[in-house]
Amino acid sequence: MRRATTMPVFAPGWRPRWGSECLILAAGGVYFLAAAPFIPGLASWENLGNLLSNLLPLLVIAVGQTLVLIAGGIDLSATAIMAVTSVAGAMVMRGVPGHGPVAALAGVGVMLGMGTAVGWGNGFAITRLRLPAFMVTLTSMMFFSGLALWLTQSQKINGLPAAFNALGGNLAVELILTTAVVGLTAWGLGRLLAGRWLYAVGHNPRAALISGVPVGPVVMAAYAFSGGAAALGAVLLTGRGETGDPVLGRYLMLDVIGAAVLGGASFFGGRGGVGGTAAGVLFIKLVDNSLSLQGCSHFTIMMVKGGLILAAALADGGRRRLAGEDQGGRA
Amino acid sequence: MNRPGARLLRGALNQASLILFALVFAGFGSLSAKFLSPANLLNILLQSAPTVIVAVGMTFVLLTGGVDLSVGAVMFVGAALAGKAAPGGAGPAAAVGLMLAAGALLGLGNGFLVARLKVIPFVVTLAVMSIGRGFGLWLTETRALNLSNEFLQVGAARVLGVPVPVLLAGAVLVAATVVLGATPFGRQLYAVGQNAAAARRAGVNTRRILLIAYVLSGVCAGLGGFLSLAQLGAVSSKFGENYEFKAIAAAVLGGASLQGGRGRIFPGALLGATLIQAVENGLVILNADPYLYPLVTSAVIFLAVLVDATRTSLLAESHRRQIRVEP
Amino acid sequence: MIEFQGIEKRFAGVRAVGPVSFDLPPGATLGLVGENGAGKSTLMNLLGGNLQPDAGSMRLAERPYAPHGPAEAMRCGIAFIHQELNLFGNLTIAENLFLTRFPRWWRSPFIYRTGLRAEAGKLLAQVGLELDPHTPMDRLAVGECQLVEIAKALAGDPRLIIFDEPTSSLSTREAERLFALMAGFRRQGRSLIYISHALGDVLRLCDDLVILRDGLVAGRGPARDFTIPRLISLMAGRVPEATAPAPTPPREPAGAVALAVRGVSRPGVVRDISFELRRGEILGIAGMMGAGRSELARILFGLDAPAAGELRLHGRPLQGATVRERVRRGMAFVTEDRRGEGLCLEASVADNLALAALPAFARGRARRIDRPGLQAALTPVKAAVRLTADADGRAVKTLSGGNQQKVVLAKWLLTKPGVIILDEPTRGIDVGAKCEIHELIRALAAAGTAVLLISSELEELTALCDRLLVLNRGEITATLARAEFDQARILAAALPGERSA
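Chains as they are written, first to last, in the numbering used here: chain C, 3 to 333; chain D, 317 to 643; chain V, 12 to 512.
Keep in mind the hints are simulated off the structure, nothing from the lab. For glycine and all other residues, C-beta sits at the position ideal for the given N, C-alpha and C. There's no promise every hint is true.
[Unchecked claim] Pair by pair, the computed Cβ-Cβ distance ranges are:
1) C:Gly-115 - V:Arg-124: 58 to 68 Å
2) D:Tyr-609 - C:Pro-42: 46 to 56 Å
3) C:Phe-270 - V:Asp-236: 30 to 40 Å
4) V:Gly-331 - C:Arg-252: 22 to 32 Å
5) V:Gly-375 - D:Glu-557: 14 to 24 Å
6) D:Arg-432 - V:Glu-470: 47 to 57 Å
7) V:Gly-375 - C:Val-175: 27 to 37 Å
8) D:Arg-432 - C:Tyr-33: 19 to 29 Å
[As the list claims (entries may be wrong)] Below, simulated DSS-like cross-link-like pairs (lysine-lysine); rule was C-alpha separation at most 25 Å, straight line:
9) D:Lys-434 - D:Lys-554
10) V:Lys-445 - V:Lys-427
11) V:Lys-445 - V:Lys-408
12) D:Lys-400 - C:Lys-158
13) D:Lys-434 - V:Lys-427
Required output: the full structure, derived from the provided sequences and hints.
Below, the structure written as structure tokens:
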């Protein structure tokens, strides 16, 4: 008996389903256990702390991307939003006199507001102007990464308020912030009206519309959320680096989309979830971390990650074919 | 619907990319007489030759309803191979062979994964992009490689007064137009892009069509990479970066649809690629801040996509079935 | 001509067809009937090479026949005209006809356009379609597309042509044109297999019949030995109460006006539509395919905007109300496109059932879903449509067509609608589910819901409705009360006049 690909609103009791998230979580566990004896330092507390702090910003951004993927879209502009909010926030904080908590607050507010606004703009162009999501977010990626470079003339912006740097630099703060945002999102996807609407829109926007779902606003909200999540990731990373960086996150797109896909999100919409994406992020960062400890260069890691995403897509395809689900051959 | 104004508007929208093209040229031309000089126009063609070729390959993939994000990495792998082989005495001829072979091989990999193993094109080509770029960086040890002067000579050479890159781009355009328009493969490619399941039922070998489309995209990326190399004379670690987006933008500007089944090589891909290059060239001539280039280019692309979407929805409106003829 | 010997096909271990054995004499027309899911399409896909059997064999003209793909089946002289048309709007008619066998310039890979046009012209002439072969396909009407599909089948000069539900999207006139073509093919000595739910057509057109039920042959013989009631009982495996649903018993006069429509027009679609729909009333809309029935329903539900006219729901204007507001105010719409617009196929049954009523179960400012409340509300609704309780977690796409339609209905029942618009609610579903849906519609009306029923089946309309509107080219040409229901009268109002030819 084939079962639905998303958890129903009323799960008749939790039971392990061999969905993508379990698969990837298990793969991550096996990998960790197998690699730990051979890579000295992998299982040390210090390294695990490192791993965690590297993982959290990516998790926030990938969760934002997951929401867009559930809605059946794609957000290529997430990394550009990170860069532009990073420099805009830094400029604002440098401009606010005092360099104290007030400046930090203003900076964070500007960054989150700007990220959400850019994401909302993407959503507006996609739903109201009916432009293809790929092209809209592609052009906004080009535009905002260009804007970040133009604003700073490629210079990094130093001298940010200490209160701001503490946000990204302090693991405990970072952990609490991220857990709150990600946990609330996971809860909302399953339990709130908006979350159920999001899945319905991703499954079939026409059926959702006829069932009284406000399709346009839901999709716009997903993009706005993705933009906001990218900005929050930028807050964490900018604080950690203590600089406004015009090329922040430029190589992160692969990790973001890879994590979501590893976690079972689909480009056809309606599939995926926060749990899966978190498992995907964990796996990618674990591989990243273990290879770095082994002294592998960044290009080796790039190749491995590419191969990993391919393998995951193949495994997921195989799993779904075994389960008798349909496959699509289009982007 | 039959008011002359509406008809004029629809006519204008149908030729939107041409009009946009003319507007850009007229705009820059009015700001600087130098822009429209024959030498500069030829220069634009010369600069856009690699993009034209890569965009042609991209059009094949877009027509199937897929996308190829790996073309930039393919260019880089080919260039890295050529760069590694060059000090050992390999000239441009050997380099072009290497680059085409690398393109065909990576394209074959993409095509195999998409057509046979049915993995989503976006994921496949994103992964191959990462693998390819990593491999290229490993080859070059992340250092820039300088090539012999022979390469630059190829880039600057002329046959009957026409630069070799322009000739090559022209040849690719003609060949691709003929393949798409006048061979069974080309027509079947359109069918697969329109509705792959229906094409399979109709007896079209959809796997073969998909495979060939990705191989052609890889080969075009290899050739485009060679021309780009011949113009730059060196391989940096950023060679070909973001070229996939440039090629997609060029193909879409020329009227290709990301949904598949719609798009043309001529004038589509040619127009799109030269338009992007013309904007950049015009900004250079106007001595604009180089940081503004991506801002203006992306704005132009956005505008073109917007116009195209308006056109499509207006056409859909007028194609809608009429139940009754209004008196 | 063709012989099935113990053919069997399984999907994921579940038997879809067989073992089935029967044969078709050369030059004969075979009617293949059965409920949805009885295995007709699977059997024909085996014949057409789209699927390979798990057991058994086929013989074509006394020789073993085991095609590995549609192309091979075509070479063997078997043409398959699918229910959904395999045509490409971005190609020309000629290119569609010769997609897999383009004429070439001598030994070159290039298409010989002049030859292509000539060959295509010949094929189009055979089906009586007078169009330039280089016309783009997307300019053609549905009936013309069907003819192109048949012309495509003729290109291989087939000995056997399979028609799978060819009339389901055709007007009466287009269908008659198709039947005339089929008669021509028979005179040319070709064998035909005709699959249809229109049993009257099947009896009229076919020499032999094969009735499938649950993948097995439930009956076969010359067509003259069968009647429609007997066919139905063989298809369903039980004795039918009657061919048509029993008429709704006479009821109390209907209640207050629920939906008032006044002078609604939309250029090119409908003109000056006015009617009133009362509580507890079942109002039918009859008309030919393309008369504007579904388009009118879309306007009423707010999916398309009317250019003129006024809509009132329970006395309050509906102007400018979005679909969401209409749903909140008690409107419901079962569309004709069940899979495309009615359901999220990949999602679970429970998620589909809950979708329209979700806002009513959202609590607090965060709009948290009250899951126990929703669960409790669902139980009686599922019982009303006789959906089994364990279906909740299954993906809707794994259900049969009838059960899928019940999910759509149950989704709307959960919203407790005051006005429900049903567009072809029983199209393409099996006889059993059809009866259940008819009962459900009556129960809805009896409970005071205003029902607007659009259907192409006159029996369905005349049995269920209290009143009937006839739509013709976007205009109401007749309003009939129950006593005036008469097939001839309805058809006369629905058929376009000669001026429109």
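Hints and how they fare:
At roughly 59 Å, the beta-carbon separation of Gly-115 (chain C) and Arg-124 (chain V) lies within the given 58 to 68 Å, and the hint holds. For Tyr-609 (chain D) and Pro-42 (chain C), the Cβ-Cβ distance of about 48 Å falls inside the hinted range of 46 to 56 Å, so the restraint holds. For Phe-270 (chain C) paired with Asp-236 (chain V), a C-beta distance near 49 Å fails the hint of 30 to 40 Å. Gly-331 (chain V) and Arg-252 (chain C) have their C-beta atoms about 46 Å apart, which leaves the hinted 22 to 32 Å range violated.
For the pair Gly-375 (chain V) and Glu-557 (chain D), the beta carbons lie near 49 Å from each other, so the given range of 14 to 24 Å is not met. Range check, Arg-432 (chain D) to Glu-470 (chain V): about 50 Å between beta-carbon atoms, so the 47 to 57 Å window is met. Checked against the given bound of 27 to 37 Å, the beta carbons of Gly-375 (chain V) and Val-175 (chain C), roughly 29 Å apart, stay inside it. The hinted window of 19 to 29 Å between Arg-432 (chain D) and Tyr-33 (chain C) holds, with their beta carbons roughly 27 Å apart.
In summary, the hint linking Lys-434 (chain D) to Lys-554 (chain D) is not supported, as the alpha carbons are separated by about 31 Å, beyond the 25 Å threshold. About 22 Å separates the Cα atoms of Lys-445 (chain V) and Lys-427 (chain V), which keeps this hinted pair within 25 Å; it holds. Our distance criterion of 25 Å between C-alpha atoms is met by Lys-445 (chain V) and Lys-408 (chain V), whose separation comes to about 19 Å. Annotation: proposed proximity of Lys-400 (chain D) to Lys-158 (chain C) is violated, straight-line Cα distance about 34 Å (limit 25 Å).
The straight-line distance between the Cα atoms of Lys-434 (chain D) and Lys-427 (chain V) is roughly 44 Å, outside the 25 Å bound, and the hint therefore fails.
Against the hints set out earlier in the document, violations occur for numbers 3, 4, 5, 9, 12 and 13.
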